[in-house]
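If you read the protein sequences in the order shown, they are chains A and B.
Each residue of the first sequence is one higher than the one before, counting from 1 in our numbering.
Each residue of the second sequence is one higher than the one before, counting from 1 in our numbering.
These are calculated hints, taken from the structure and not from any lab test.
Don't take each hint at face value.
Stated by the list, open to error - Going by beta-carbon spacing under 7 Å, a handful of chain A positions derived as facing chain B:
| no. | residue |
| --- | --- |
| 1 | Leu15 |
| 2 | Val30 |
| 3 | Met39 |
| 4 | Val152 |
| 5 | Ser158 |
| 6 | Ile267 |
| 7 | Ile282 |
| 8 | Tyr304 |
Claimed, not checked - Pair ranges (Cβ atoms, derived):
| no. | chain 1 | residue 1 | chain 2 | residue 2 | range |
| --- | --- | --- | --- | --- | --- |
| 9 | A | Val86 | B | Ile54 | 46 to 52 Å |
| 10 | A | Val256 | B | Ile54 | 33 to 39 Å |
| 11 | B | Glu73 | A | Ser98 | 35 to 41 Å |
| 12 | B | Ile2 | A | Leu41 | 34 to 40 Å |
| 13 | A | Ser273 | B | Arg410 | 18 to 24 Å |
We treat Cβ as the ideally placed atom computed from N, Cα and C, and that holds for glycine.
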Amino acid sequence: MIHYIIRRFLYAFPLLMGVNILTFVLFFIVNSPDDMARMQLGQKHVTEQSINNWKQQHGYDVPLLWNADATGEEKITRTIFYQKSVGLFLFRFGVSDSGRNIGADIQERMWPSLALALPTLCVGLMVDITFALLMVLFRGSYLEQSGIVLCVILMSISSLFYIIGGQFFIAKLLRLVPISGYDDGLAAIKFLVLPVLIGVCSGIGSGVRWYRTLFLEEVEKDYVRTARAKGLTETQTLFQHVLRNALIPILTGVVVILPLLFMGSLIMESFFSIPGLGSYTIDAINSQDFAIVRAMVFLGSVLYVIGLLLTDISYTLVDPRVRLS
Amino acid sequence: MIILWTDALIFILTFAILALAFYLRGKEHIKRPLQKIVRSKVGMASLVILLFFIVIGLLDSVHFKPIDTKNNEIISLLDYWAAPLREHSEKTYSAPFATSLYSKEIMVLADGTTQWRYPRLAYGGNYLDDPETQHVADVLQKALYGFAQGAGLTGLLILIYLAVRYKLQGEKNQAIVLSTSANIALLVVFIVISTSNTLIYLSGYYHVFGTDKVGEDVFYQAVKSIRTGLVLGTLTTLIMLPMAIVFGILAGFFRGWIDDLIQYLYTTLNSIPSVLLIAASILMVQVYIANHEQDFTSVIVRADVRLLFLCLILGVTNWTGLCRLLRAETLKLRELEYVQAAQALGVKQSMILVRHILPNVMHIVLISVVLDFSSLVLAEAVLSYINIGVDPTTYSWGNMINGARLEMAREPIVWWSLSAAFVFMFTLVLAANLFADTVQDAFDPRRNAE
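Use the sequences and the hints to build the structure in full.
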């Protein structure tokens, strides 16, 4: 087990290296720092001098990969690749183009993101599984038919409409909760109720359909037929046999996304102005702050790789048939 | 005639599909699932709606420069037919079917006094003498007329169709029996054509979905957005298919280091949050376009290049899922007896791949293409909201929602832009989802066990 985990851990390294190189190519080779400076300073009437100033301020005034002017080891360290990309491996995110410390910003902003994403995931999971189980229980009836149709209809509505509709009806017309905003501590709850509700609703369609197929696959297996033949009622087989076995794929599906919850949801956070990492990213994209986007790309990949690792481990924990090799 | 990049790709795609259909016609293994689709009521109904959208999208993809105008404007066939819609622009917001503007203005009356009231629209219902009394009756009358026209047209079309069927029928003097699904399809054709004809007829006199902030007709915007949605939904899959198929099959068939390499490639791409990858790439494209302004002479060309890039990037972020599916399926297929037999007989590996593996994974490709379509159309709206979607000058539902979102705070609220985008998008995505379900039922061997 330990061996396996260590090997997976080592496997993560080339992955992150790949991500790093890819972002480096995208951000520094496809477009040179000169282009970036010109973009930041405004397109027209930019002097060579001001571009150089900007590059020097933000540390882009060194060569990309190989500094021939420097001496000794500085030939490698005094380059953009070393200073901007390698530091990410040590979680040194550096300074954003507007001068703020990215690492501190991320630490501060990941908690509101989590406060929104975790309840959405948990409530959503419970609601989806409940409805899916109900549909499997009443399979072959008109109830299930109408349920499927409803799911397809819910799936066909853009998530933007859920948000706009929810904000309009619940917050503006009924005035049950504030439209948007955030507060520290427990006072945040009243701001979080609506986003969580909307997040759950917009996921119901696809979620219920997905879990329904999982359950249906289980229901047709032999052990369920045996259980029924022994005289168990339909509900008993469903809860004691089908649900428990279907939990394996459900669990592993959830584990993958657990670390990514820190990244937050982009549109939810910006619609409800919750100061999480999602809105942080959007702000960075809109103000074209490449340093933050780069840091977030790397953070996202790290969390994804952790998610993959956790999935593998959780498989062995819940399913004794799986052996790691 | 001017051919934009996306136009060219769309036409290539259309011809490719037609050629494929011609090649596959009459093949027994394709016939059975197709018949299943034809027999499905929901499938046929959604197919009719999809085809209707596709025809509009194709019409909007034929671009040319009108001869009579001097400016550097490129319009499409659809623009040409919808010229009144395009030119009937008001000053600012107006509600659907309104005859007066949304906001009050100071007006100088005939006798020289000034008054603070709603001015009449320049085009919407401008021929009415007294809107208060005539308005509703006029709208109803026009709607009825448009509907009757559409219904008559459809009736004629259906009669022609029945006559052709009768002619082709072997035995004469026998009533034509239509299956239930054909009946439903004809009903949907009837509904679609008469409704659209009603809307088209009405839009000549009123703004059916109102006007937006700069007074542009919302109905026109929503119709123009159809092409953007279709382009994103289809071209993205066109771009990702070669990558996904080649890599997926190679990884599954050869295993070993090729498999490792390809797995590494898609895990790396997958691990980057796709929104951020798209954002980064779009930022790069923006920088590129800004630095090479001389290459993009007209707004529409620039927007088109950005749309193409968006398809490309979405394709790059989306191929991994299909690739993984294909790899798993190939791993399974290569152990089957007929592949082993081919290997034992000394068939070349490339031949095995093309003749034995590829045709047997095609159903997965087809299903995932149809399934991806609707999610791509939905993704466009979200991306446009974050400003990393299509160009702000391109007509798209995402841009419509984005523009209308802030107006929800107005009193009385401006709801029509949002509703128009909602109705059009919902119809397209719902039809696509239902059709995808039917296709999956027909082609997935696991689903038709009974």
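Each hint, compared with the structure:
Among the interface hints, the one on leucine 15 (chain A) holds; its C-beta lies about 6 Å from the nearest C-beta in chain B, closer than the 7 Å criterion. Restraint check, valine 30 (chain A) versus chain B: the minimum CB separation of about 5 Å is within 7 Å; hint holds. A cut of 7 Å between beta carbons decides the hint on methionine 39 (chain A): the least distance to chain B is about 5 Å, and the hint holds. Restraint check, valine 152 (chain A) versus chain B: the minimum CB separation of about 5 Å is within 7 Å; hint holds.
Given the 7 Å rule on beta carbons, the hint for serine 158 (chain A) holds: about 5 Å separates it from the nearest Cβ of chain B. Against a cut-off of 7 Å between C-beta atoms, the interface hint on isoleucine 267 (chain A) holds, since the closest Cβ of chain B lies about 6 Å away. A distance limit of 7 Å between C-beta atoms decides the matter here; for isoleucine 282 (chain A) the minimum to chain B is near 6 Å, and the interface restraint holds. Proximity of tyrosine 304 (chain A) to chain B holds as hinted, the smallest CB-CB distance being about 4 Å (cut-off 7 Å).
Separated by about 50 Å at the C-beta atoms, valine 86 (chain A) and isoleucine 54 (chain B) satisfy the suggested range of 46 to 52 Å. Judged by the Cβ atoms, the range 33 to 39 Å given for valine 256 (chain A) and isoleucine 54 (chain B) holds: they are separated by roughly 36 Å. Between glutamate 73 (chain B) and serine 98 (chain A) the C-beta distance comes to about 40 Å, which sits within the given range of 35 to 41 Å. Look at isoleucine 2 (chain B) against leucine 41 (chain A): about 35 Å separates their beta carbons, and that is inside 34 to 40 Å.
With their beta carbons about 19 Å apart, serine 273 (chain A) and arginine 410 (chain B) fall inside the hinted range of 18 to 24 Å.
Comparing the model with each earlier hint shows no violations; every hint is respected.
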